[in-house]
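The listed protein sequences correspond, in order, to chains D and C.
In the numbering used here, each residue carries its 1-based index in the first sequence increased by 8.
In the numbering used here, each residue carries its 1-based index in the second sequence increased by 8.
Incorrect hints may have been included.
Remember, identical chains collapse to one label, so a pair may be satisfied in a single copy or spanning two.
Said to hold, decoys possible - Computed cross-link-like contacts, DSS-like style, restricted to lysine-lysine with a CA-CA straight-line distance of at most 27 angstroms:
#1 K38 x K117
#2 K259 x K38
#3 K197 x K174
#4 K388 x K236
#5 K416 x K38
The set of hints was computed from the structure by calculation and includes no laboratory data.
2 protein chains.
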Amino acid sequence: MIGIGIIGLGTVGRGTYAILADHNSLIREKTGVDVKVVSIAEIDRQRYQGLDADGIDFVEDAETLIDNDKVDIVVELVGGTDKAYRYITRALQKKKWVVTANKALLAEKGEELFGMAERQGCEIGFEAAVCGGIPVIRAIREGLPGNRIGYLLGILNGTSNYILSKMADEGLAFDAVLMEAQRQGFAEKDPTFDIEGVDAAHKLCILIRLAFRFPITMDEIVTRGISKVELIDLDFAREFGYRIKLLAIAKEEGGLVEARVEPAMISMNHPMANVNGVYNAVYLIGDKVGPNLYYGKGAGSDPTGSAVVSDIVDMAMRRTTGHVRTGFSAHRGDRRMKRGDESISRFYMRFKAHDRPGVLSKISGILADYDISIASVVQKERKEDDYVPIVMLTYEATEENLGLAKEKIDALPFVGGESVYMRIEESRL
Amino acid sequence: MIGIGIIGLGTVGRGTYAILADHNSLIREKTGVDVKVVSIAEIDRQRYQGLDADGIDFVEDAETLIDNDKVDIVVELVGGTDKAYRYITRALQKKKWVVTANKALLAEKGEELFGMAERQGCEIGFEAAVCGGIPVIRAIREGLPGNRIGYLLGILNGTSNYILSKMADEGLAFDAVLMEAQRQGFAEKDPTFDIEGVDAAHKLCILIRLAFRFPITMDEIVTRGISKVELIDLDFAREFGYRIKLLAIAKEEGGLVEARVEPAMISMNHPMANVNGVYNAVYLIGDKVGPNLYYGKGAGSDPTGSAVVSDIVDMAMRRTTGHVRTGFSAHRGDRRMKRGDESISRFYMRFKAHDRPGVLSKISGILADYDISIASVVQKERKEDDYVPIVMLTYEATEENLGLAKEKIDALPFVGGESVYMRIEESRL
Chain D
9 MIGIGIIGLG
19 TVGRGTYAIL
29 ADHNSLIREK
39 TGVDVKVVSI
49 AEIDRQRYQG
59 LDADGIDFVE
69 DAETLIDNDK
79 VDIVVELVGG
89 TDKAYRYITR
99 ALQKKKWVVT
109 ANKALLAEKG
119 EELFGMAERQ
129 GCEIGFEAAV
139 CGGIPVIRAI
149 REGLPGNRIG
159 YLLGILNGTS
169 NYILSKMADE
179 GLAFDAVLME
189 AQRQGFAEKD
199 PTFDIEGVDA
209 AHKLCILIRL
219 AFRFPITMDE
229 IVTRGISKVE
239 LIDLDFAREF
249 GYRIKLLAIA
259 KEEGGLVEAR
269 VEPAMISMNH
279 PMANVNGVYN
289 AVYLIGDKVG
299 PNLYYGKGAG
309 SDPTGSAVVS
319 DIVDMAMRRT
329 TGHVRTGFSA
339 HRGDRRMKRG
349 DESISRFYMR
359 FKAHDRPGVL
369 SKISGILADY
379 DISIASVVQK
389 ERKEDDYVPI
399 VMLTYEATEE
409 NLGLAKEKID
419 ALPFVGGESV
429 YMRIEESRL
Chain C
9 MIGIGIIGLG
19 TVGRGTYAIL
29 ADHNSLIREK
39 TGVDVKVVSI
49 AEIDRQRYQG
59 LDADGIDFVE
69 DAETLIDNDK
79 VDIVVELVGG
89 TDKAYRYITR
99 ALQKKKWVVT
109 ANKALLAEKG
119 EELFGMAERQ
129 GCEIGFEAAV
139 CGGIPVIRAI
149 REGLPGNRIG
159 YLLGILNGTS
169 NYILSKMADE
179 GLAFDAVLME
189 AQRQGFAEKD
199 PTFDIEGVDA
209 AHKLCILIRL
219 AFRFPITMDE
229 IVTRGISKVE
239 LIDLDFAREF
249 GYRIKLLAIA
259 KEEGGLVEAR
269 VEPAMISMNH
279 PMANVNGVYN
289 AVYLIGDKVG
299 PNLYYGKGAG
309 SDPTGSAVVS
319 DIVDMAMRRT
329 TGHVRTGFSA
339 HRGDRRMKRG
349 DESISRFYMR
359 FKAHDRPGVL
369 SKISGILADY
379 DISIASVVQK
389 ERKEDDYVPI
399 VMLTYEATEE
409 NLGLAKEKID
419 ALPFVGGESV
429 YMRIEESRL
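Required output: the full structure, derived from the provided sequences and hints.
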């Protein structure tokens, strides 16, 4: 019997407990391992309600749980980074194996923690840290060892995807959908991390280290959120055959790595364009396997609990034989991050301008000055505060030039307010 | 160093060899294991061309390879069932671990072979037997151990999916697309196994044993192919908001198991409806994780080789520590297969009838006699051999009643030729 200690009985903690309780015999039949929760650390005693207390040592401080000899695997589900860091390092010092769903901690201190685990002959399982119930860590690590992965797209944040899907489907503005999502529990009271792309960037950080084996840091990921996405852009996207998604994008080619989380347009025909609502997905291309896509619920008590349990079972199977998996073996080598003048993409641009002669020629003149060619233009009569929207799709241009051109255009007297631009992520199938 | 012996240098054999040769150091960096091809058995000496012969023992008979002490893992890629069975059992007798892509053999004799492997303390890896490059075996077995899986949909045959996609997209008839697919190498010279659903049934057989842990046999899977799918049905499907796919369908509820491979309609909004061309996908629902979908290339040298290599690497990691995975632990328990009078679905039906008064009332009368309610009817003026097509979507009815009603309707004097019917697989999201 392998003893499990759960620190934190929040959403994921309760889900994990419930799966281990409900499916104890199913897991034994399937895998031959017997895993049992022997201790739970949680300060809020109300959360103990409804649990079968039989054989479980309930404690208020995590240290007691970690030090308990019956606990073989420590499951850290408190979130945040300070306490979680202390708990995990303490567990590793005691040579206990660790399972965590803590993407923020792994993004910030993953290198250090995995190094410590390796030195201690221990493991840190983190399937639950990325895409909740989708076994994407296993798929990449164990399913594709014979592949060099050079391209990865992710829809990694359920809240953002829910909001964008709802805006597109029902024609509701961002604020209205966010409020409704908060009422329904699909968005946190403070949704900043979700809607500003930080949560997705944490997950992309982990995926890049695993898939590219490149030790990227959070500040190297260009991160933009969805709070400025307007209905008009969703409409134009549809008109051009695209959808707008908060995409996590990672590419490696010729020693140059690019990593971004931002609202971007993707062709309706791409499988990622049809990932809607609270669903998450990862699309990647391996040099041997070609494209692979994994799809499922990215959050929630049971889906994330399912991922935690998959780590527990995997570890329990191997604890008896002493087979230890290594963590990240990421190293930069001679690779480096792409600069803005090397990052090339097609772009969607929307300007607000007074409807008068010469406007279009002035704008396209500035774009030409920066080597940006226009693939198509739409100018609608639809007026907003005396301005008409002018929309352009560009051919490939550098991010840097686009930013410079935008600055000049926004300063024109007949242009009102900040222009909008968005990457068009070319469908690589 | 773990020595690999490859039996059979066909499409998958060459892909496997190439990945191990190209990515030897990548695999070592990622996983710490050193795997090397030490022997290849292949009668056709022309297939040795272009291989780096260094350190490889080329032999003509598989027995010599199996008996070679340097071979730790035997990779069986000859296909067929007789020889492959002999090679695998011989390898297991020698206590060697086995990797195979042979779905037919596992569907027919999986129980026996996995039992033998377990008794010998060996393993049989079979990631490559289902859905080529998609790590679906790993996802189900290692990613979802804490889930009871009760629903599974598969698009498991690339040839059939390519043909149906092409028919739908380009309005070409079955025969024309098949011939073109054969010219392009997407279909075999003798495509029977692919287009008649047998290949998909082999794979579904393996998936059901793994996901439901139910020891299903091939004759328990209702198997129909796509050779009778007509363009007119693809058109009607689209009109009603569906697509036609060769779906592998498996369900378990209340101790009743249902397993089918057949062309069926699925809502355009379902993620499986957008799996096109040679791509494969598996969609399943776990009681904890909810829906999961895995998508990628189901066949081909490199994708399938990628799956073979994932098994080799996984085994190589564990050979040193003595940790052996168990195979299928499937057992019927008190579960049984659903009968035709228990199998309930909505159906699409198409009749060819003379356009005269009373036809519709006669047909719908017979359906009513068998408790089949009609949800919608379309009768088009479009004529074919003096007949008009009458299309109906039914509410839920039993398969048995539908068959009986169809027989009576087909015997009516004003009905020309066999009617067409197809399941509507309700979108479970």
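Hints and how they fare:
1. Proximity of K38 and K117 under a CA criterion of 27 angstroms is satisfied inter-copy only: 20 angstroms between copies versus 34 angstroms inside one chain copy.
2. For the homomeric pair K259 and K38, the shortest alpha-carbon distance between copies (19 angstroms) is at most 27 angstroms, but the shortest distance inside one copy (38 angstroms) is not.
3. Within a single copy, K197 and K174 get their C-alpha atoms as close as 19 angstroms, which meets the 27 angstroms cut-off; across copies the closest is 48 angstroms, which misses it.
4. In this assembly of identical chains, the alpha carbons of K388 and K236 lie at most 27 angstroms apart only when taken from the same copy (21 angstroms versus 49 angstroms across copies).
5. When the C-alpha separation of K416 and K38 is checked against a cutoff of 27 angstroms, the pair qualifies neither within a copy, at 63 angstroms, nor between copies, at 47 angstroms.
This entry does not satisfy hint 5, going by the numbered hints stated previously; all others are met.
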